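The listed protein sequences derive, respectively, from chains G and S. Take the first sequence: its letter number 500 is residue 788 in the numbering used here, and every next letter is one higher. Take the second sequence: its letter number 116 is residue 183 in the numbering used here, and every next letter is one higher.
These are calculated hints, taken from the structure and not from any lab test. The structure displayed is predicted, hence computed values, not measured ones. There's no promise every hint is true.
Unchecked claim - Straight-line alpha carbon distances no greater than 30 Å define the calculated DSSO-like cross-link-like pairs of lysine-lysine that follow:
#1 464(G) - 79(S)
#2 668(G) - 756(G)
#3 405(G) - 756(G)
#4 758(G) - 673(G)
#5 405(G) - 170(S)
#6 602(G) - 79(S)
#7 405(G) - 326(G)
#8 407(G) - 170(S)
#9 170(S) - 326(G)
#10 464(G) - 673(G)
To be verified - Covered by chain S, according to a simulated footprint, are these stretches of chain G (three or more residues, beta-carbon under 8 Å):
#11 429-441
#12 448-459
A virtual CB, placed ideally from N, CA and C, is assigned to each residue, including glycine.
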Amino acid sequence: MSHINQIIALLQDHSPVLVVIVLLVFAYMMPLFARWKKEWCAPLALTSIALSLGFTGLLTWEVFASGPIRYEMGSWAPPWGIEFLVDYIGLFMLITIGIISLLILTFGTEDLTHELKEKVQGWYYTLYLLLVGSMMGLAITNDLFNMFVFMEIAAISACAIISIKSDRECVEASLKYLILSAVGTGGVLLSIALLYMVTGHLNFDFIAAGLENVLYVYPNNILVALALFTLGFIVKAALFPLHVWLPDAHSSAPSPSSAMLSGLVIKIYAVVYLKLLMRVFPAELFTIIPIFDIILILASMSIIFGSIFAMVQKDIKRMLAYSSIAQIGYVFLGIGLLTPMGLSGGLLHIFNHAMMKSMLFLSAGAIIYCAGVRNISDLKGIGLKMPLVMAVFTIGALAMVGIPVTNGFISKLYLALGTLEAGKPFYLAVILASSLLNAVYYFPIIIGAFFGHHHHDEYGEEVEEGPKVKKLPMAMGVPLTILGLGCIFFGLFPGVIMIVVERAVGMFL
Amino acid sequence: MIEVALRLFENKYFLVAMILFIIGFHTLLTHSNLIKKVIGMNIMDTAIFLFFVSIGYVDGAVAPIIEPGVEQAYINPLPTVLILTGIVVAVSVTAFALSLIVKLYESYGTLDAEEIMRIRSNEP
């Protein structure tokens, strides 16, 4: 009995690192299983994410009981060793990534057999788990160089889950993404060098302490570092002027990859950027350079232009991809507002948008899987043939527009209150305008899908139009239903996730 | 004027690293040949590595193998170690980019990004 207790205590002590390690270990086992027992791959991949989610649950319990947890790698105390810090924002991201990626992969187990070649399916799980693991690492790491390494793992695996489909659009989109994200990580590494030069540390807390002292000795180093971090993270998070890689990448990828990239990957960089701004750079620096105002401007441009570009798209996945650019703008708007309400709205929108956008991409994927169409004009009347898929699509679209009862309403409400709290009503107008624009491009799809007119032939009889529709498999229907119900649930009871968000905001402001 | 030149000479490693960085970045952005883009990316990465390593360098110091009883300055080994990881990462990104370019060449028959754009826009 005592042995079991010992093992439980051991797991509990090491749970911050196990969250990441489990995924990395399983990732490298996948190709072996793909050769040996092919049918085990999918259940094992799901198990590993579930295990990681289990450790996240353990961490949640511990953090709520006794405050943020610091974990020293190999018992090397910082500043020498790498440190993981599980605080409320890290926890919030762990929960978001764990739940959403589990649902997406459940959907993917069925969808991938259709979209990918037989021999690369095992490798897809490797890349997917690496991506999830590196994002979880990014959420809780407290060390700059460790952050860089996780960013590169995330970048390569994110590019690879696009190009794995190996038709030429995917390869081209993936190469574009790879080159731009290499510029981004290059900038980040250079700014790590600049910060290391003046402080001699890589641990977030030690750098913060160091920067307080040297801010006026080496202001140029710190300003250039801030600029390069901003460049790097804006490229990665696809904020407006540097979003060019996103539409191709997110629309051509296999549907589970699109859901993953749009739902989670671009958000994690926003969170890491927020952590750097708040916990590493001294607050005095922002009196020299108004970085938060710059973020606000870029965010509102992202919101408006993303929505406008989305309106003119013909391909449904491309439209969703442009819509993601608008939605990442909301997250950055929350960061830029810098008021408790605004930041809560921005962070809450990370969780809410992860749910709705992955749901929308997955339902688009289900439509492509079952009906084989992806042009918006071909979707007329499809709601009657695929009621479940179009019902969740409708919920997602309503949440995007921000209709009450859906979760999108709650985060937009917080953001709107945040703009008033900050005394910047202009951005309230931006939020309202973008909600209207969202309605302009989402509602015609829904109306067409459910009330699309039937053609009549010359004898006045109705003609079945549109493609033949396959039956929706269980593995696709269940995650879609869960996500759809989740959107409503978190619209009615936002308090469940707000407990974590409020504490995360309390850490910063 | 001479003062500026002297200060630049003092920081010659940083200066060279920055020049290389700009060359790499310029190549990456302006050349339409995909292989040259990857080369530019590598020059850029190398510039960052040089910059990082030169942070830890101390003139006249030796490698940090401590001999008891001998008083001498040591260079900082940490940036070198970090950059070892950085090089591995850069190599894998390069390999991945090149393999993608091979696939593009197979389907388009050209390495020129603008040519590929032109072919794609002519397709229905």
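Hints, verified against the model:
{"no.": "1", "hint": "464(G) - 79(S)", "result": "violated, 34 Å"}
{"no.": "2", "hint": "668(G) - 756(G)", "result": "holds, 13 Å"}
{"no.": "3", "hint": "405(G) - 756(G)", "result": "holds, 24 Å"}
{"no.": "4", "hint": "758(G) - 673(G)", "result": "holds, 9 Å"}
{"no.": "5", "hint": "405(G) - 170(S)", "result": "holds, 16 Å"}
{"no.": "6", "hint": "602(G) - 79(S)", "result": "violated, 54 Å"}
{"no.": "7", "hint": "405(G) - 326(G)", "result": "holds, 14 Å"}
{"no.": "8", "hint": "407(G) - 170(S)", "result": "holds, 17 Å"}
{"no.": "9", "hint": "170(S) - 326(G)", "result": "holds, 27 Å"}
{"no.": "10", "hint": "464(G) - 673(G)", "result": "violated, 37 Å"}
{"no.": "11", "hint": "429-441", "result": "holds (count 4)"}
{"no.": "12", "hint": "448-459", "result": "holds (count 5)"}
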